[in-house]
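Chemist: Same order as they appear, the protein sequences are chains A and B.
Mapping of the first sequence onto numbering that gives the first Met the number 0: residues 0 to 332, in sequence order.
Mapping of the second sequence onto numbering that gives the first Met the number 0: residues 0 to 499, in sequence order.
Derived by calculation from the structure, the hints in this document are not laboratory data.
Keep in mind that a hint or two might mislead.
[To be verified] What follows is a set of in silico ranges between Cβ atoms, one per label pair, in the way DEER data are often shown:
(1) A:3 / B:70: 53 to 63 Å
(2) A:163 / B:91: 56 to 66 Å
(3) A:319 / B:85: 50 to 60 Å
(4) B:70 / A:23: 45 to 55 Å
(5) A:319 / B:177: 21 to 31 Å
(6) B:54 / A:118: 45 to 55 Å
[Claimed, not checked] Output of the computed footprint for chain B on chain A, the stretches with three or more beta carbons under 8 Å from beta carbons of chain B:
(7) 162 to 173
(8) 212 to 218
Just so you know, even glycine gets a beta-carbon here, dropped at the ideal spot from N, CA and C.
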Amino acid sequence: MTISLADRIRDGVYRSGLLVLLAALIVTFAVSLPAFGTPRNAVIILQSVAITAIIALGVTISLTVGGFDLSVGSTVSFVVMLTTASQVYFEAPPVVAVLLGLVAGAGIGLINGLLVVVARVPDLLATLGTMFVFAGLALVITAGQSVSSGATFDGQPAPGRITEGFAWLGRGDVLGLPVPVVVMVVLGVVVTVMLSRSRLGRLLAAVGGNADAARLAGVRVGRLKVTAYVLSGTLASVGGVLLAARLGRGDVGVGGAYLLETVAAALIGFAVLGANRPNGFGTLVGAVFVGVLLNGLTMLDVPYYTQDLIKGAILVGALVMSFSALFKRKDAS
Amino acid sequence: MLSARSVVQRFGATTALAGVDLEVRAGEVLGLVGANGAGKSTLMAVLAGLLAPTEGRVEVDGEPVVLGIPAAADRHGIALVPQHVETALVPELSVAENLVLFALARGELGPLPGRRRIRAAARAIAGDDLLQRAGIRLDARAGTLRTAQAQQLLIRRALHRGARVLILDEPTAALSVTEQRELHEQVRRLAAEGTAVVYITHHLAEFVGLADRVVALREGRVVDAFDAPIEPARLVSAILGPIEHLPEERPVREAGEVVLALRGLRSRADAPPVDLQLRRGEVLGITGLLGAGKTELLRQVVGAEPLVDGTMTLDGTAFAPRHPADAIARGIGFVPEDRRRDAELPEWDLVRNTTLAELRPHHRFGLLSARSERSATAALIRSLGIVAAGPRALLSSLSGGNRQKVVVARWLAAGSRVLVLDEPFRGVDLGARGDIGALIRSSAVEAALVASSDPEEILEVADRIVVLAGGAVVGEFRPDELDEARLAELLVTSTAKDLA
């Protein structure tokens with residue numbers, strides 16, 4: 000059977016559309032804006048999306064099992080307050096503060112997983128609930144105050160401060176690259192390989208593909224769902240630690256914005272390479288795509304208040320590519 | 000009164016009804032029987048106006064009518080009470096609101112019907128006698144009703160709408176014996192008053208003394224009709240059809256020691272205990288009508304459902320799977336009845352569908368080796384004769400028979416020794432059916448347990464056949480000593496006992 004040219008073009012657009020678009024975007028900006036195509040700017044772009052991308056990898060894992068983690072933004076907020084407050088109020092060493100943050104993220108994931116699996120609350124509702132709870136708890140632990148070196152605590156000046164060692168996580172360099180960018184690349188590779196090449200990733204995808212069939216094929220569906228949420232919460236807490244370090248302080252409600260950003264990156268990732276399902280590489284591309292576009296448009300003096308509109312439009316476009324019948328692959332044969 | 004004329008209903012390539020003529024007369028109870036997939040539900044849906052037939056027509060009082068939407072059927076006085084009554088009710092609304100739903104939808108109660116008005120209208124529909132006798136509160140949420148209560152309300156609602164034809168789909172499936180008897184009396188009474196009742200049930204013994212006429216469907220056609228008095232055993236023969244090809248001479252296999260033993264298992268808590276033994280080198284067939292308890296038993300054996308009662312041994316040691324993974328670890332593979340829901344990952348390729356149950360052999364340095372998975376799958380595609388574009392073709396691109404082969408291949412890939420197959424030949428073409436049958440009889444499988452409601456399928460593969468009815472073992476055959484009349488009698492035994 001011969002494949003018509005129109006079908007080939009459509010299939011090509013479907014499979015590589017977003018990558019081609021990204022390349023075209025970079026070339027266009029680089030040609031028209033001298034400041035865009037510099038290595039320095041590339042690093043700036045990557046740094047701007049690193050934390051979003053790391054959290055989005057967690058969202059990707061929750062989407063893989065057919066779930067949805069709405070609590071990642073609140074997890075970031077909570078971890079930011081926890082890591083900064085533990086250092087400023089209680090003089091915790093940076094290592095302890097970081098571990099505390101990661102354990103908290105895993106713990107929130109565990110709660111989400113148990114709500115979904117044991118209490119059988121639907122994913123969206125369970126994580127909507129914990130989203131509220133942990134956004135609230137983030138405020139409670141500091142009595143609604145932002146945390147910074149020299150803040151007051153119980154009417155007294157707080158004893159501790161944010162150390163340089165901790166701030167290095169957000170502002171330092173490794174081999175000339177910002178630490179968050181290095182963490183993003185490492186975790187991006189690990190999560191992508193885990194999802195696409197490991198037994199765990201295959202089983203997670205089976206749960207998302209058909210949980211009943213997976214169970215009858217011996218897959219421990221409940222445990223895997225809990226695992227997915229724990230990983231999602233942990234990755235969100237990595238993002239929270241890096242954010243706290245970059246800001247050097249604990250700002251109230253700083254994580255909230257990450258929910259929509261990360262969900263968008265993961266969903267845009269569906270369209271990358273025609274995967275039509277959550278995938279680690281796609282999520283990274285999705286995050287970078289948004290970063291490149293915003294960076295270029297900002298240089299073109301497009302006002303900042305249009306950013307959400309632009310992100311939304313990209314998301315809708317990518318979703319149409321993933322789900323619309325217009326781009327459906329006929330068949331594998 | 001209501002008649003179907005040469006009704007043909009196709010869904011894509013499948014023909015569910017291949018030209019059905021049916022006459023429903025005023026004041027009669029018409030029974031409708033047929034095996035799974037015979038076309039009963041489709042015919043129901045056509046008569047109740049849920050489906051517009053591909054060809055042919057439906058007539059009311061001799062006039063052709065265009066149905067296809069429930070409101071049209073309602074206008075012509077045809078009402079369906081579905082088997083799952085909850086699907087006909089809005090659980091969040093009150094009983095009263097549900098009763099007046101049609102009237103509300105048509106604006107017959109005015110634009111702003113108050114609660115008082117709704118209650119009054121609902122009371123008129125349900126009747127005080129029913130509300131009191133069945134203890135139904137009009138303000139209760141419909142979701143809290145018991146099946147029998149909901150059923151009674153739906154019948155009242157239908158009659159109030161002026162239904163002249165009442166279609167009852169498996170009305171006794173969830174009723175107690177007393178409730179069942181009451182329903183039968185009510186049906187007789189309605190018929191005496193001139194309502195036509197179409198009655199569908201797989202408890203064939205129910206038709207005795209209830210139905211004036213029973214029509215049997217098979218493969219989308221009316222194959223037989225019986226007038227009262229009804230003999231259940233003859234209905235069974237009509238449903239199953241003649242057993243056309245008896246098994247060819249097969250080498251008699253020497254069954255070895257017991258591999259899997261079931262002691263005192265029950266399909267339901269109120270079902271009788273079942274003992275079965277599966278021996279090495281044997282294919283044990285289980286047959287029985289719908290509702291005989293086959294699926295319930297098999298799902299317990301493979302750990303898909305918790306054991307209701309009893310114990311099992313596998314290879315002589317205790318076997319109590321709490322999760323399918325436990326059964327798989329002991330070498331059991333399960334081919335479920337509903338392949339699409341319980342076995343397929345349609346958007347996955349053949350490789351990943353095949354290796355799902357056992358991925359460890361494909362580990363290389365902690366990661367999965369695509370090459371190893373692919374070559375293992377390619378070998379199975381060849382040996383099972385799976386027709387596909389290649390190992391990377393999507394499962395959804397295969398025909399039903401080939402998909403079923405992939406499900407079987409999954410268990411061979413996992414190294415399963417004992418296969419448990421529930422209705423493995425449903426929606427499977429004859430070629431694939433032969434291949435799968437040959438495979439489970441081959442030395443690749445140590446022993447197999449096959450359940451099917453079609454005795455002919457069982458005869459093809461089994462070395463020994465157990466007949467199940469009402470959850471109990473009622474007989475055992477060897478394929479070469481089959482007696483069709485005796486089989487038909489066995490299949491309806493328990494339903495007769497239920498009513499006695």
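Chemist: Of all the hints given earlier, name the ones this structure violates by number, lowest first.
Modeler: Hints 1, 3, 5 and 7 not satisfied by this model.
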